[in-house]
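Construct the complete structure from the given sequences, taking the supplied hints into account.
Below, each chain spelled out in residue letters.
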Amino acid sequence: MANWNMLTLVGEDRPGIVARVTRAIYAAGASLGEASMIRLGGNFTIMMMVLVEGPTAELEQAVSPVASELRLRFHIDPMTGGLHRHMVPNVQVRVTGADRAGIVADVTGILADAGFNILELESDVAGGEDRPVYIMNIQGYSDRAVESLQASVQRLTRDGIRVDISSVETLIG
Amino acid sequence: MAVLDILTLPDERLRQVSEPVGVFDSELQAFIEGLEETRRAGPAAVGIAAPQVGRFQRILILDVSGKINTPNHGHLILLNPEITHWEGFEIGREGCLSVPDYTGNVIRATRVRIVARDRDGEPLELEMEGFEARALQHELDHLDGVLFVDRVVSRRTDLFRRKVYS
Numbered sequence: 228m229a230n231w232n233m234l235t236l237v238g239e240d241r242p243g244i245v246a247r248v249t250r251a252i253y254a255a256g257a258s259l260g261e262a263s264m265i266r267l268g269g270n271f272t273i274m275m276m277v278l279v280e281g282p283t284a285e286l287e288q289a290v291s292p293v294a295s296e297l298r299l300r301f302h303i304d305p306m307t308g309g310l311h312r313h314m315v316p317n318v319q320v321r322v323t324g325a326d327r328a329g330i331v332a333d334v335t336g337i338l339a340d341a342g343f344n345i346l347e348l349e350s351d352v353a354g355g356e357d358r359p360v361y362i363m364n365i366q367g368y369s370d371r372a373v374e375s376l377q378a379s380v381q382r383l384t385r386d387g388i389r390v391d392i393s394s395v396e397t398l399i400g
Numbered sequence: 034m035a036v037l038d039i040l041t042l043p044d045e046r047l048r049q050v051s052e053p054v055g056v057f058d059s060e061l062q063a064f065i066e067g068l069e070e071t072r073r074a075g076p077a078a079v080g081i082a083a084p085q086v087g088r089f090q091r092i093l094i095l096d097v098s099g100k101i102n103t104p105n106h107g108h109l110i111l112l113n114p115e116i117t118h119w120e121g122f123e124i125g126r127e128g129c130l131s132v133p134d135y136t137g138n139v140i141r142a143t144r145v146r147i148v149a150r151d152r153d154g155e156p157l158e159l160e161m162e163g164f165e166a167r168a169l170q171h172e173l174d175h176l177d178g179v180l181f182v183d184r185v186v187s188r189r190t191d192l193f194r195r196k197v198y199s
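Chains as they are written, first to last, in the working numbering: chain A, 228 to 400; chain B, 34 to 199.
What the hints contain is simulated information worked out from the structure, not anything from laboratory work. Hints should not be assumed to be uniformly reliable.
[To be verified] Derived CB-CB ranges, DEER-like:
hint	chain 1	residue 1	chain 2	residue 2	range
1	A	G308	B	S98	32 to 40 Å
2	B	E115	A	D240	22 to 30 Å
3	A	D386	B	E115	33 to 41 Å
4	A	S291	B	D183	31 to 39 Å
5	B	D134	A	E349	43 to 51 Å
6	A	T384	B	P104	56 to 64 Å
7	B	V182	A	R321	19 to 27 Å
Just so it is clear, CB atoms sit at the ideal spot from N, CA and C, and this is done for glycine as well.
Take a look at the structure:
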C-alpha cells in the first residue's frame, strides 16, 4: 500500500541539490507530490510530499547517502492527507515596516483571532544592515470581509507597520 | 446545442494557434450558443475560448459582470480580438477550465484597448481595465496556444517588484 510522507531537507545551498535528491527518490521507486523549495539565508530548504510504495525505511535508505554527501539534514514524517486538497486563497495581506521583533506575531495574531487561515506566507528582510525593512506577503482564506480584517489590523499602523489587506479574486477562464 | 467537451492539459491541441473567423454564418451562431452553454456549465468561469472545446478559431466569450465593483462591458462575444494598446501591470490569481485543480499568480496588463468583431462581423473597439482586462488577456492567450501556467510567477516576483509610474 502506498503512503504519503513529508520529507524535509535543509543544508548549505549549492547547485544540484534538487536534481540529486529527486533522482535518488525516483530511483527508489517513490514519487513526488506537492513541494515547496526555497533558498533562505544561504541555505536551501525542501519540503516535499513523497509517495512510497513499501516501508518508509526504504525512502530513508534512498535519501541518506545523497543527503550525507551534500551535507543536508533530513527528516521524514508519515502524513495523512494527499493531493487535490487545495484551498484557493481569497485574501492577500502585505506587510512592510522597519524591522523589529514581533511583527509577524502581531500581524498573524490579529489575523488568527479573526479566523484567517494562512495558506502561504513569504517574508524577507530588505533595506540593508543599517536600515532593515521587513516585508511579508500572505495569502489566505477568510470568511470575514476585507474591510473588517483591515479594521482589525489598523492599530498596528501606529507602530509604523503598514498592513495592506485586499481581496484576491481568482479568475477562472 | 449541448455542452461541449473541454480539452484539458496536457492535450497538445491547446497549444495550437487558432485561425481568424472569416464567415459569420448560422453555423457560427450555433457554435457560439454551445460555447456559452459550456462556459455556464462549469465552475463559475468568466470566460471561455473556442480552442478550449477543440474549435481552433479566434472566438472568445467574456462576462465579468457577476463580480462586485468591477468595471465591465457585460456579456461579450469577441471574434478576431487584438490588443492595440496596453498599460500597467498587476499580479492576479488565475485558474482555467482546461487546467483543473490548479491556480497560480500571473502578471497581466492593467488596462487594454482592443479591436474585435462581434458575432455578426461588425467591428468593435473597447477599453477594458482590471478583472475584465485580465480575463480578456487570459482568453486571448488560448487563441495563441498559450495557457496561464506558462505565465505563472512566484509570490516573490510580487515581493520585489518595483512599481512603475507612468
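Results of checking the hints against the structure:
1. A:G308 <-> B:S98: 32 to 40 Å: Holds - the Cβ-Cβ distance for G308 of chain A and S98 of chain B, about 38 Å, lies within 32 to 40 Å.
2. B:E115 <-> A:D240: 22 to 30 Å: violated, 45 Å
3. A:D386 <-> B:E115: 33 to 41 Å: violated, 50 Å
4. A:S291 <-> B:D183: 31 to 39 Å: holds, 37 Å
5. B:D134 <-> A:E349: 43 to 51 Å: violated, 22 Å
6. A:T384 <-> B:P104: 56 to 64 Å: With Cβ atoms ~29 Å apart, the hint is violated.
7. B:V182 <-> A:R321: 19 to 27 Å: At roughly 25 Å between Cβ atoms, R321 of chain A and V182 of chain B fall inside 19 to 27 Å, so the hint holds.
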